[in-house]
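> The primary structure of each chain is shown beneath.
There are 2 protein chains.
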Amino acid sequence: MTAVMPAGVEYARDLVGPALGAAVARLSPDVRKVAVYHLGLAGGDGWSESTVPARAGRHPGAAAGRGKSGGKALRPALTLLSARAAHAVPEQGIPAAVAVELVHNFSLLHDDIMDGDTERRHRPTAWTVFGVGAAILAGDALLALAQDLLLEDTAPQGLWAARCLSVAVQRLIAGQGADLAFEQREDVPLAECLAMAGDKTAALMACACSIGAIHVGASPELAMGLAGFGAHVGLAFQLTDDLLGIWGAPEVTGKPVRSDLRARKKSLPVVAALQAGTAPAAALADLLRDSAALSEPELARAARLVEEAGGKSWTEQEAAAQLAAAHACLAQAPMPDEVRAEFASIAEFITARQW
Amino acid sequence: MTAVMPAGVEYARDLVGPALGAAVARLSPDVRKVAVYHLGLAGGDGWSESTVPARAGRHPGAAAGRGKSGGKALRPALTLLSARAAHAVPEQGIPAAVAVELVHNFSLLHDDIMDGDTERRHRPTAWTVFGVGAAILAGDALLALAQDLLLEDTAPQGLWAARCLSVAVQRLIAGQGADLAFEQREDVPLAECLAMAGDKTAALMACACSIGAIHVGASPELAMGLAGFGAHVGLAFQLTDDLLGIWGAPEVTGKPVRSDLRARKKSLPVVAALQAGTAPAAALADLLRDSAALSEPELARAARLVEEAGGKSWTEQEAAAQLAAAHACLAQAPMPDEVRAEFASIAEFITARQW
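Quick note, the sequences are listed as chains A and B, same order.
Under my numbering, the first residue of the first sequence carries the number 757, and numbering increases by one thereafter.
Under my numbering, the first residue of the second sequence carries the number 757, and numbering increases by one thereafter.
Just so you know, the hints here were simulated from the structure itself, not pulled from any lab data.
The reader is advised that the hints may include incorrect statements.
Remember, identical chains collapse to one label, so a pair may be satisfied in a single copy or spanning two.
[Claimed, not checked] Below 20 Å or equal to it, Euclidean Cα-Cα: the simulated EDC-like pairs (lysine to aspartate or glutamate) are: (1) K1022 x E977; (2) K1011 x D1042; (3) K789 x E948; (4) K789 x E1064; (5) K789 x E939; (6) K789 x E875; (7) K1011 x D1046; (8) K1011 x D1093; (9) K789 x E1063; (10) K1011 x E1104; (11) K1011 x D943; (12) K789 x E1104.
Use the sequences and the hints to build the structure in full.
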């Protein structure tokens, strides 16, 4: 299946880009410089063009990179649709879309430091260019700015939207905390790993899908349905991303083949494989326990062992199940049919197999 | 003049400590561990005792350390008074006091990383114990938690208080950004340096002094008066702290004598001295331009040159002027007399000369 970027993503990019640029322009010059670089903003008036598809690690934002420049407007597209689901015009979703995108990039800025990642979207990461301190501060600024944008709306919905975002931010932080802690642990149960992905990836996606509607005063029924859809899509996305981290082609992922194995990440396919209790699982554990860098043949063997231990098939099935659950949420939530169809196409796009 | 800690600071410590512990208990375990350590919380039920007075760098929070454990409750004390200024009971100020204290500690956690500081309150800083990543994340969590606490109050005042805090956070970040940028610049005008202190230190102090009143629905007149008082107190505090950074006794500051000169910080007395255009100013510039570590005799000479170039007297006069302006704001703002007297005593306490 080939991923064709839905038109809504490109549309969101054009609509939200200038507002994002205007928001970032409010930052003080020293901080703004770093934020503009990280966001790839051209002169503060929207996203610059990026013709190289990229995938930058475990971060959902990277997904969009698989389509031309699209990744950068994935969450904004979901938020504009969210506003439309509540019968508002897309423009009414812009502040919430900007806020979600700012939070997403706050987390990328800080995660890149924590993970020691030196490249994102085929460019050096902000901390490698401006220093750790400046990158920490730019992340802080984006988080604070996101909340401020929503609080400017003095209607009650502004407060609800701010709370929706705040809850997502806290889960995102909890998820990243768990992820960091996993690195120090030998055996992480699959359930904990899934919970971590739910916090780190799915919570902000659930927010992106519901905050637009919440911000225009949607019914709790619609808001809950959209949040459920987003949470399932978020997990399906993470599962797909983890599959790409092992079996994705470099031209799709923008990273060397089997990069997650190379980095010994406790990604979902690996954790699922390790807990199989079979001979391939034990062999995989032995291979990953060794502290020396894995050679290319060892990496190939590790990928094979994950597959033989059932890690790949489990992840594929779980991704499909999450996608199905997302569609079920979508079917039940009250919204215009064309909006539902656009949500569905974005869900399919970001979980499309490319390996 | 000896600094005697006002009773309100100890009172705030007892009243706000448990609420702070309860707030931090909401964090996920991996993140909470770091936050509890940084805050010096004992078992999550309030601040632990600390018998050693300390001063930890340029951060205002450290001021309280000059009195027994008091520094930790300086902003909370101001926020409880702020609620009382609006004729509320102190307990009504607790959520706002906790939020301000969380933001203050978010900034300390991140600043310690940026500045490479290895010690705070006579203990190793969080990043040296748990790693940079975990400390970044704990700071993020405290910032997000602070906003969430205020947003839980669905009354309109909750939104106003959240905005008050959000504005302070953004100024704080802008100030830290300017401070980082100053390190790379040879000549920083005094006005820019004062503006930086206004953002980095005074903005959160202004918030602490007004947010309690705002959160209980105070009149704009009172809120503005309290914010003005806090801004001036914040600047007076920073000027005092900068004097201590050069002339403070180690037993007062918890740091080696002349620590700010040792670190070549562009503190206000130094910047004021450098721009004097006199022979001592030129000699000071020469001394500080040298990249080699300054010897003890050189440090003593640098302190003398700052004094001869007028940097010390300018800073003392400016601190006194800011304190006077603070008192003027206080006199004009409508509030019960006993509250005004307590505000005044805290202002005197945190700007008391100890060199």
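> Would you mind marking each hint as holding or not holding in the structure?
A quick look at each hint next to the structure:
| no. | hint | verdict |
| --- | --- | --- |
| 1 | K1022 x E977 | neither (36 Å within a copy, 56 Å between copies) |
| 2 | K1011 x D1042 | neither (25 Å within a copy, 49 Å between copies) |
| 3 | K789 x E948 | between (38 Å within a copy, 18 Å between copies) |
| 4 | K789 x E1064 | neither (48 Å within a copy, 38 Å between copies) |
| 5 | K789 x E939 | between (32 Å within a copy, 16 Å between copies) |
| 6 | K789 x E875 | within (18 Å within a copy, 30 Å between copies) |
| 7 | K1011 x D1046 | neither (23 Å within a copy, 44 Å between copies) |
| 8 | K1011 x D1093 | neither (38 Å within a copy, 66 Å between copies) |
| 9 | K789 x E1063 | neither (44 Å within a copy, 37 Å between copies) |
| 10 | K1011 x E1104 | neither (23 Å within a copy, 59 Å between copies) |
| 11 | K1011 x D943 | neither (26 Å within a copy, 43 Å between copies) |
| 12 | K789 x E1104 | neither (36 Å within a copy, 39 Å between copies) |
The structure is inconsistent with the numbered hints 1, 2, 4, 7, 8, 9, 10, 11, 12, although it conforms to all the rest.
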